[in-house]
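Protein chains in written order, with UniProt numbering: chain A, 1 to 387; chain B, 1 to 387; chain C, 1 to 387; chain D, 1 to 387.
Hints in this document: simulated from the structure, not taken from any laboratory.
The list that follows gives simulated cross-link-like pairs (lysine-lysine, DSS-like), each with its CA atoms no further than 25 Å apart:
| id | chain 1 | residue 1 | chain 2 | residue 2 |
| --- | --- | --- | --- | --- |
| 1 | C | 343 | D | 294 |
| 2 | D | 294 | C | 332 |
| 3 | A | 343 | B | 294 |
| 4 | D | 84 | D | 58 |
| 5 | A | 332 | B | 294 |
| 6 | D | 343 | C | 294 |
| 7 | C | 343 | C | 137 |
The structure presented is a predicted model; accordingly, all values stated were derived computationally and were not measured.
Number of protein chains: 4
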Amino acid sequence: MIHTQNLVQLFSETRQLTEDICKPLGIEDYVVQPTIDVSPPKWHLGHTTWFFEEFILKPHKQGYRIYHQDFAFVFNSYYENVGKRVIRSDRGNLSRPGVTQVFDYRHYVTAEMKEFLQQGVPDSLMETLLIGIHHEKQHQELLRTDIKYILGNNPLLPALNTDWIEHPIERHQTDWITIPAGIYEIGHAGTDFCYDNELGKHQVYLGDFQISNKLVTNAEFIEFIAAGGYQDFNLWHADGWTWAQENQITAPMYWHQIDGSWHYYSTSGLEAIDPEAPLAHISYYEAFAYSQWKDCRLPTEFEWEVSQKHFNWGLRWEWTESAYLPYPGYTKAAGAIGEYNGKFMVNQKVLRGGSVATSPVHTRHTYRNFFQPELRWQFTGLRLARS
Amino acid sequence: MIHTQNLVQLFSETRQLTEDICKPLGIEDYVVQPTIDVSPPKWHLGHTTWFFEEFILKPHKQGYRIYHQDFAFVFNSYYENVGKRVIRSDRGNLSRPGVTQVFDYRHYVTAEMKEFLQQGVPDSLMETLLIGIHHEKQHQELLRTDIKYILGNNPLLPALNTDWIEHPIERHQTDWITIPAGIYEIGHAGTDFCYDNELGKHQVYLGDFQISNKLVTNAEFIEFIAAGGYQDFNLWHADGWTWAQENQITAPMYWHQIDGSWHYYSTSGLEAIDPEAPLAHISYYEAFAYSQWKDCRLPTEFEWEVSQKHFNWGLRWEWTESAYLPYPGYTKAAGAIGEYNGKFMVNQKVLRGGSVATSPVHTRHTYRNFFQPELRWQFTGLRLARS
Amino acid sequence: MIHTQNLVQLFSETRQLTEDICKPLGIEDYVVQPTIDVSPPKWHLGHTTWFFEEFILKPHKQGYRIYHQDFAFVFNSYYENVGKRVIRSDRGNLSRPGVTQVFDYRHYVTAEMKEFLQQGVPDSLMETLLIGIHHEKQHQELLRTDIKYILGNNPLLPALNTDWIEHPIERHQTDWITIPAGIYEIGHAGTDFCYDNELGKHQVYLGDFQISNKLVTNAEFIEFIAAGGYQDFNLWHADGWTWAQENQITAPMYWHQIDGSWHYYSTSGLEAIDPEAPLAHISYYEAFAYSQWKDCRLPTEFEWEVSQKHFNWGLRWEWTESAYLPYPGYTKAAGAIGEYNGKFMVNQKVLRGGSVATSPVHTRHTYRNFFQPELRWQFTGLRLARS
Amino acid sequence: MIHTQNLVQLFSETRQLTEDICKPLGIEDYVVQPTIDVSPPKWHLGHTTWFFEEFILKPHKQGYRIYHQDFAFVFNSYYENVGKRVIRSDRGNLSRPGVTQVFDYRHYVTAEMKEFLQQGVPDSLMETLLIGIHHEKQHQELLRTDIKYILGNNPLLPALNTDWIEHPIERHQTDWITIPAGIYEIGHAGTDFCYDNELGKHQVYLGDFQISNKLVTNAEFIEFIAAGGYQDFNLWHADGWTWAQENQITAPMYWHQIDGSWHYYSTSGLEAIDPEAPLAHISYYEAFAYSQWKDCRLPTEFEWEVSQKHFNWGLRWEWTESAYLPYPGYTKAAGAIGEYNGKFMVNQKVLRGGSVATSPVHTRHTYRNFFQPELRWQFTGLRLARS
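Working from the sequences, and respecting the hints, build out all of it.
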């Protein structure tokens, strides 16, 4: 049970942080969509706002006046239940509403929400409200990675003054953690907020396995490149090999070879690679190929969850071998909120851990992130396992 | 340990059956490739032959003279280790080698193989040899379904005199089989032939579940259509919904509505649908949507394997909820043969059971078939499960 | 011979007008590229500046310091001779350089140019200088039409306070002008500036023909729509029919049917169509289909040039039946400037006249505009002719 | 006025020649469509037959029984007036009707036509009948070039025993023919058959020009290649350059460099290039680039027609600089026959002359062939001109 004041505070801080993340941006940076998976920052600002307007204020706040009748069309992401929307690939074609108006929309909805929350939230709405808050936290991570993409794919490679460290280092030696075979409990229990895809607590049987206590580093991955890993099809999935050939992939995203040495772009600009930092910005296909080259494999999401207490995490999203599938007994909510997770449970891989861009609240050990295997713009890395 | 004479007989019968399947074809039917997943029958005839030439005769039969130096280029499917090849989408652009020459190639290689087998096969080659034979059996199924596709997508809807019954019926009443929670053994054991993806025997924990003793029938699926199942996005995965919209899918493959009643094409021609026959030619997306509409789900491949002794099978490939992933401890063979299964273990779903087009040897309960979720040209159906 | 002061004034006014056109824009409006043919306004501002830097200042002004080494990469449009460039479809993905910096770039180059021009321009440079100025005037038209596209394809249909009237009216009655057969002179003569594609003056033989003294109006085109013109394939070219079907074209660009009556978007907002105004924003394919429906045809560019003194123009770019081809004896300049016109002389149609968005200097009767037949975002209309 | 017996003979010989051209084919060669512009030979056989059935027999022969109700769907090429049809890219996906049945269809229609013709053709039908015959002659040329494409793009490069010589040689020295400026008559006059696009006779004014008395030879084009012509963008149109880069074009179609010397595929197999033979299988873009490299240009179709009496022709289709446009006063026939030529008069270039694959009847000096500028599978070459 959350006290009203705590709830208002959680809500307000979340809303504020989203805006803080955008502080270093120029107006133009809010607008562009250089690839379909990256949304314009002003779209994130509007979309997270629309979520509260659509699912809380419109149906539940008496006398609420919608800010603008066309904004539902502009800021709906993928909720089929809620009506038509700008197609995803067109988000970067919209110069209007302008940034100032989007902030005005935000502040209007934030104020209305605070007023609404002060009156006390009925239990039946609490779930939706918390989803709205955590939804915005997820978009905070997307904002960080989308901003990086927008600048890191600009030929000028501009630097921003951002609030997070992209390349923290794990100082300990690499070692294998050994986990014995047995039945383990997986999934979320308790009363804390979690998404429906983490429920419910259930048993899985795991065979003996070993898992590394440390993420693969840049230095280790440079060895893979130097050994011709990107040219040896035997290390790759068929789909991965095709992807790498068609897109001429020969290094992680944001890597540049300058005068024979590797550099990467981080939001503070182009810099020499730190060999000790954990590898980032690789696809599942690259993670898999690297693991093959090391005669190892990727852990499953269950192996990861069972062994996570033995290592740090929160540095990189770690590709697992697991496909994103429903847990036993999974049911989605009725209506539009039911579209949140369930309809994506095909053709994606699970990532575990959380990254430097992730909201701290989301680096819980049952959290299941998921992406298509070719995507790289998140801070994605890997940890080795073996049977 | 297989006796030489048994081996020669297995080999010879397999080679003969492939040709028998093609007996009803006109020469022109051997040539076309109406969609990328369907190969021309003469390509199947050549490719299964090339497999023996490339992996057995060329490296192991003394004095073997290659039939034609360019045929490796023409008939290699996807073995990167073996060199360049005609790209898959171009198989239907090749009028040469002609059908007569492809049969000549077959007979040459069959004769050489028999001679080679008579001398006794060294143990080290047995695995490759058996893969070659079972590989050809898999292509027998593809031949049947590709022939159906070639004719069933022709505007004349021609009938063939084929050797298999497409729509056998399960006469028993539908009922739920209840399986208690526990640890179960999964995977292949013993000395019989199996593919590497079925190995090794291992334990999984399953919660309580129920699974239907009968496949979903055409009549049941017609109810789904009539209820607007193809129009209700809440039943579908996001990818499935996009697929259905873009391809204007409103019924299973081969279904035609004529004067208000459903018909389907089978290789014996266009006919009224048998309502009691098990549904066929649906995608995973449709199977999933149907299960949602019934407030059920698809079984996992493990649930299927554990409960299979309680039902018939061998009628339809049954879509499962499981992604196609390696079993614990999976390792692929060295060299080109290692490309057989492992490199496809991403972005595909597992099917279990076997269909009316499947070689009887392959309808074993540990056999793992796999396809991309949108494919429908196999005899694919579904069985419901629930927790 | 142009006096230095006149030249400086011409240059300065041109530079200023470009910026004036952008005055009503919000910062975000400068950034987006909603379709490949539409460039972001800030790109136009930078590109016209780069032209002077690249072709005048860099090679000819002593001690000139390039503003930014990467701007040639960012702002080159299609000059293969000058090096690599951002691919055209990526112009809208660049948030940097920002609008302020682009204006700073403009002002830097403008000032350097003025200083350079004050010293007197050598004859050998005059041609390139004038091309630079007229090039910028061409981009002023593109700015106007691109701004209209950016706003007119935004779901909010925002209005701008622009400086031009989109829908002026021809008040006179429609009538046929009769021109007798004979040899006529075509092309530019004299010492005024013109582009290489207008040179040189040459003779063509024309048969008798009639040409309308008035552009086709909106009211007339509404009759075509009402008569099913968009549904009658006999009126269309094969390519035009395919284009219309694939893009679901059923009205000119910017037209909306609201409660049964036609409206269009102009930069001052959505408004009811003025039936008397000349039709705008149609493709060549639509112009051709309309002419067929009227049992007429489009004039050739020669017929247009010969008869232009009998009618107004400067309202709409008028599609002609002529393909864009070199005049007899056409030769292109050496080097990058030679890429200006010649390399586009295939697969395009000639338009004559000039529109409400065109620089007055470019509405000369020998001016040859050219576009692919499907493009509609310019103010394009038509005038009928018949033999 | 054509006598009945002459007409029957013309018809019969035309029908027979089409079948003779196919004599060397294997059944499989009739079926495939390796690229969209190449139709399967059996489709040509059926389509030319359907033309007579659809436009002569069905509407005009009393009691005519249609051979097969679905063949109009299968064999209609592009006549929108006649109903739906197999989409062009699917022609190679049809194994049925088989070759035997297509020949049966041919023979049925041929016999019915002969019976019909014996009764005397009413004047009102003569035009359609002659179009049918000449239409089939055009498809004879397509048959020859499509057969070449089918075999020449097969990795086995099979040889056929064909009835035409691909590489005849012009023995005379290259020289310029000088034509004085003046008014010339262009187009077809008289009572012989011609297509509507050659009508009517009209005047054009031409300036002085020179035109080569000889086609460009292979040896000359090899010099262009050796001089880096395919790598020098200044020689190319923008569209041509893009086309060449995207398709990695570095030589004419069918050319192979083997051990440092150029070979080409002709239907008699792979052979060393004859340096003296006229160049074939180039696109308009390559023709244009070559002409630029020689500081010349391509002739217009009018220049070609005016000067053609001074040179041989009938060896290569010669790309001209002219776009395919209607002659003054052009009108198309009513109904489906009106779709024959007029609807293609955009986005194509005119070719003049006729090639080794062309029906002799079609090598008349007013004949206007037309293709998109990138197409190369016809025997296309070039002749230089200059002002």
